[in-house]
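Protein chains in written order, with our numbering: chain L, -5 to 146; chain H, -5 to 146; chain A, -5 to 146.
These are computed hints drawn from the structure, not numbers from a lab.
Be aware that a few hints might be false.
Note: identical chains are not told apart, hence a pair may lie in one copy or across any two.
[Claimed, not checked] Straight-line distance between alpha carbons at most 30 Å, and here's what the computed DSBU-like set of lysine-lysine pairs gives:
#1 LYS146 / LYS9
#2 LYS9 / LYS40
#3 LYS146 / LYS58
#4 LYS146 / LYS113
#5 LYS72 / LYS146
#6 LYS40 / LYS146
#7 LYS146 / LYS49
#8 LYS49 / LYS0
#9 LYS102 / LYS58
#10 LYS49 / LYS72
#11 LYS0 / LYS72
#12 LYS113 / LYS23
#13 LYS102 / LYS113
#14 LYS72 / LYS23
#15 LYS113 / LYS0
#16 LYS49 / LYS23
#17 LYS120 / LYS23
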Amino acid sequence: MSVEEKIREFGYELKEPPKPLASYIPVIKTGNLVFTAGQIPMSGGKLLFSGKVGKDLSLEEGRKAAELCAVNCLNVIKSEIGSLDNIERIIKVTVFVNSADGFTDQPKVANGASDFLVKIFGENGKHVRSAVGVNELPVDSAVEIEMIAEVK
Amino acid sequence: MSVEEKIREFGYELKEPPKPLASYIPVIKTGNLVFTAGQIPMSGGKLLFSGKVGKDLSLEEGRKAAELCAVNCLNVIKSEIGSLDNIERIIKVTVFVNSADGFTDQPKVANGASDFLVKIFGENGKHVRSAVGVNELPVDSAVEIEMIAEVK
Amino acid sequence: MSVEEKIREFGYELKEPPKPLASYIPVIKTGNLVFTAGQIPMSGGKLLFSGKVGKDLSLEEGRKAAELCAVNCLNVIKSEIGSLDNIERIIKVTVFVNSADGFTDQPKVANGASDFLVKIFGENGKHVRSAVGVNELPVDSAVEIEMIAEVK
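Build the full structure now, drawing on both the sequences and the hints.
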């Protein structure tokens, strides 16, 4: 089963990747590393999760937002390397969580992305990660995630 | 026209790069990648943009702050690689915006840096980017930017 | 004197590295670079510094928290590369400081990590760095630090 088929089993279709909100590109390859721009939980041109986790959104919604960000990271990587089967390993994920005052469960939110990556890539999906809270994110997104992957 | 001449056309003179605020170095090269330390909108030894975008500073001032951070990133890169003409591509820009509560236009602020890089480097200036809001930055700077560039 | 012996002179024992709070790995090597996950000031299974610097914690406590994060980064790197004597250089440190409103001394907090690295590695410990404030961190940690190092 291809990586893209596995992703489809979780209910995600990799269509046209979300357009950057500004004058930059969504993905770049240098050597055998691919860096993504920060991705927010857009789907079908709409932001599905906005507001602060711990106030406007539950932990579970935050997790789903992080998962969708990870899908969008993979989607822009696909646009660069053709097929996600060309990913050797996921190297790093940085997770910014739009956090209500006193919300300190950023790691549980970020697990939405990390767990998903391990489901899709197995051992090769295991990555290093930083998860931090921030007081505001672009267009009031609940989560923003950037990814570094190693390609074959 | 050299990269430095193009930068001069936008009104910036690359003099002595701003000193780090602490015990670290402003730029480092590993392989063919150059990483900068986080740069703030200093010029001539003074911080030109302080406070929170969306409260103390307008969006336009935030954009100018981001542009100046990008200039300072290039300036410290120059100190490492001799001439900015040795830059192959800009790989990544991470933009931290000192954000008032409710301010969610971080991408527009970050465009101050991204647009500038594309004006200077053309296609080779197109980079991936994350822009996030934070509640505080060093010395109350309005913006902090770090950059990764690929050298020839 | 080995790197680990130098670290011991500062009162730190590198035991079992702190477990990730979630489904990711603490360290990964790609090419000759090692990336750590974000580390918090855990020691002996306990979080030693929690709360906001500038309100719950003094600047000096923030510095010590940053130093301990740096020790933990080195500890997880050791778990990957066997001996810290295999570190060629420290490349980059990113420091997220859990910041009270109005606290803008993130660089001084981050110096707790940077100064320590230079004490341990000398010239090879000099790195680029970003230090930013954030409104919340995992489990209310005072500081979170991620590191990139180059190995021999």
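From the Cα coordinates, with 30 Å as the cut-off, is the pair LYS49 and LYS23 best called within, between, both, or neither? neither (37 Å within a copy, 37 Å between copies)
Tell me, please, which holds for LYS113 and LYS0 at an alpha-carbon limit of 30 Å: within, between, both or neither? within (9 Å within a copy, 41 Å between copies)
For LYS0 and LYS72, with the copy left unspecified, which applies at a CA distance of at most 30 Å: within, between, both, or neither? within (14 Å within a copy, 35 Å between copies)
How would you classify LYS49 and LYS0 at a CA-CA limit of 30 Å: within, between, both, or neither? neither (33 Å within a copy, 46 Å between copies)
When Cα atoms must be at most 30 Å apart, do LYS146 and LYS58 count as within-copy, between-copy, both, or neither? within (29 Å within a copy, 40 Å between copies)
With identical chains, the pair LYS9 and LYS40 could be close in the same copy or across copies; at 30 Å between alpha carbons, which is it: within, between, both, or neither? within (13 Å within a copy, 45 Å between copies)
With 30 Å as the alpha-carbon cut-off, assign the pair LYS102 and LYS58 to within, between, both or neither. both (11 Å within a copy, 26 Å between copies)
When no copy is specified for LYS120 and LYS23, does a C-alpha distance of 30 Å or less occur within a copy, between copies, both, or neither? both (20 Å within a copy, 12 Å between copies)
Within, between, both or neither, where LYS49 and LYS72 count as close if Cα-Cα is 30 Å or less: neither (34 Å within a copy, 39 Å between copies)
For the identical chains here, do LYS40 and LYS146 meet the 30 Å Cα criterion within one copy, between copies, both, or neither? Neither: 32 Å inside a copy, 39 Å across copies.
With identical chains, the pair LYS113 and LYS23 could be close in the same copy or across copies; at 30 Å between alpha carbons, which is it: within, between, both, or neither? Close inside one copy (24 Å) and across copies (21 Å); limit 30 Å.
Is it within, between, both or neither when you check LYS146 against LYS49 at 30 Å Cα-Cα? neither (42 Å within a copy, 47 Å between copies)
Going through the hint list in order, the structure does not satisfy hints 6, 7, 8, 10, 16.
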